[in-house]
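> Sequence:
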Amino acid sequence: MSTEPPRARLADIARQAEVSEATVSRVLNNRAGVSADTRQAVLTALDVLGYERPERLRKRSAGLVGLVTPELENPIFPLFAQIIESALAQHGFTPVLCTQTPGGVTEDEYVEMLLDRSVAGIIFISGLHADTTADHDRYRKLIDRPLPIVMITGHVAGLDAPCISCDDRLASQTAVDHLASLGHTRIGLISGPDRFSPVQRKLTGYRTAMQRHGLDEMVELSLFGVEGGAAAADRLIARGATGLVCGSDLMALGAIRAARARGLSVPKDVSVVGYDDSLLIAFTDPPLTTLRQPVRAMSNAAVRALVDTINGQPTPHSEFLFNPELVVRGSTGIVAR
Numbered sequence: 001m002s003t004e005p006p007r008a009r010l011a012d013i014a015r016q017a018e019v020s021e022a023t024v025s026r027v028l029n030n031r032a033g034v035s036a037d038t039r040q041a042v043l044t045a046l047d048v049l050g051y052e053r054p055e056r057l058r059k060r061s062a063g064l065v066g067l068v069t070p071e072l073e074n075p076i077f078p079l080f081a082q083i084i085e086s087a088l089a090q091h092g093f094t095p096v097l098c099t100q101t102p103g104g105v106t107e108d109e110y111v112e113m114l115l116d117r118s119v120a121g122i123i124f125i126s127g128l129h130a131d132t133t134a135d136h137d138r139y140r141k142l143i144d145r146p147l148p149i150v151m152i153t154g155h156v157a158g159l160d161a162p163c164i165s166c167d168d169r170l171a172s173q174t175a176v177d178h179l180a181s182l183g184h185t186r187i188g189l190i191s192g193p194d195r196f197s198p199v200q201r202k203l204t205g206y207r208t209a210m211q212r213h214g215l216d217e218m219v220e221l222s223l224f225g226v227e228g229g230a231a232a233a234d235r236l237i238a239r240g241a242t243g244l245v246c247g248s249d250l251m252a253l254g255a256i257r258a259a260r261a262r263g264l265s266v267p268k269d270v271s272v273v274g275y276d277d278s279l280l281i282a283f284t285d286p287p288l289t290t291l292r293q294p295v296r297a298m299s300n301a302a303v304r305a306l307v308d309t310i311n312g313q314p315t316p317h318s319e320f321l322f323n324p325e326l327v328v329r330g331s332t333g334i335v336a337r
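Oh and the sequence shown: position 288 is 288 in full-length UniProt numbering, straight run, nothing missing.
Please keep in mind that the hints were generated in silico from the structure rather than gathered at the bench.
Think of the CB as a built atom: it goes at the ideal place given N, C-alpha and C, for glycine as much as any other residue.
A portion of the hints provided could be inaccurate.
As the list claims (entries may be wrong) - Restraint-style ranges between C-beta atoms, simulated for each label pair:
| id | residue 1 | residue 2 | range |
| --- | --- | --- | --- |
| 1 | Pro146 | Arg260 | 15 to 23 Å |
| 2 | Pro294 | Gly92 | 49 to 57 Å |
| 3 | Arg260 | Glu73 | 17 to 25 Å |
| 4 | Gly103 | Ala32 | 34 to 42 Å |
| 5 | Gly92 | Asp285 | 38 to 46 Å |
| 6 | Ala261 | Ala11 | 53 to 61 Å |
| 7 | Thr101 | Pro193 | 17 to 25 Å |
| 8 | Leu97 | Leu223 | 43 to 51 Å |
| 9 | Asp37 | Gln313 | 24 to 32 Å |
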């Protein structure tokens, strides 16, 4: 017996999902012949329009999972959150997004709130685990409860939990090699405070590559963000740098701003390399050369590790390193002679 809604509702759902009414009917009656993406589009349209899903199409919730992120001003963090939330939902988990802001709720306070809600696990993105000066016993206490946790970006040695990272050493080495291949010999590194383990790794990779090319180091550490990148770049340009390796795309945009404030052109006078390849970076002026983090692969690996742990399946409690990809665009060029 068909459970289709009235024709008017079918038309509304079809319009929202941008499919035919016949396709909507097949999805609502759980019939074959519909792709997974189309089926999801119809179900999403139901939710958006406020219609109840038929009983047979309702996913049973497998529980709540906390997702603790830093500020969302850097576009890379919303991208991680979006993909992780989607992957968790596919496993039947309901994600609870906890975003930190300066002076707002702290990571520890968010964790207490999540524990009060009996979450099945927590994924931490660039949290206090990435800060080498922080007390990492907070995570050991969670593991001892026991509560499944997964870290993204910021490995803690001796912590019995999976960690997903992009290879920061390789990223800065690749950036230096790229600039050196264009003839740059005055290559500077811009990044955030060195108490963060990803910054320490970027420094190590940068120094390794500079030594290999026989070049002198030029390092300026600053605050993360556009303003920090601009301040650090201004100091490096004053010291004669023609190539800049930046710890994030936002810092790279700050570096371009600093170069232009001095009347210099990018890439004619100064070449700039970013890190992340977050959304819209391909459309900056000039389009930014950057090291792309494989966010989708990293996010899916984190969710898979967490879900396996929740389900009692053995998961390697080690660091999984993903390789960055150099994306060459318009912000780097041959050094001016």
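> Kindly indicate which numbered hints from before are broken by the structure, ordering the numbers from low to high.
1, 2, 4, 8
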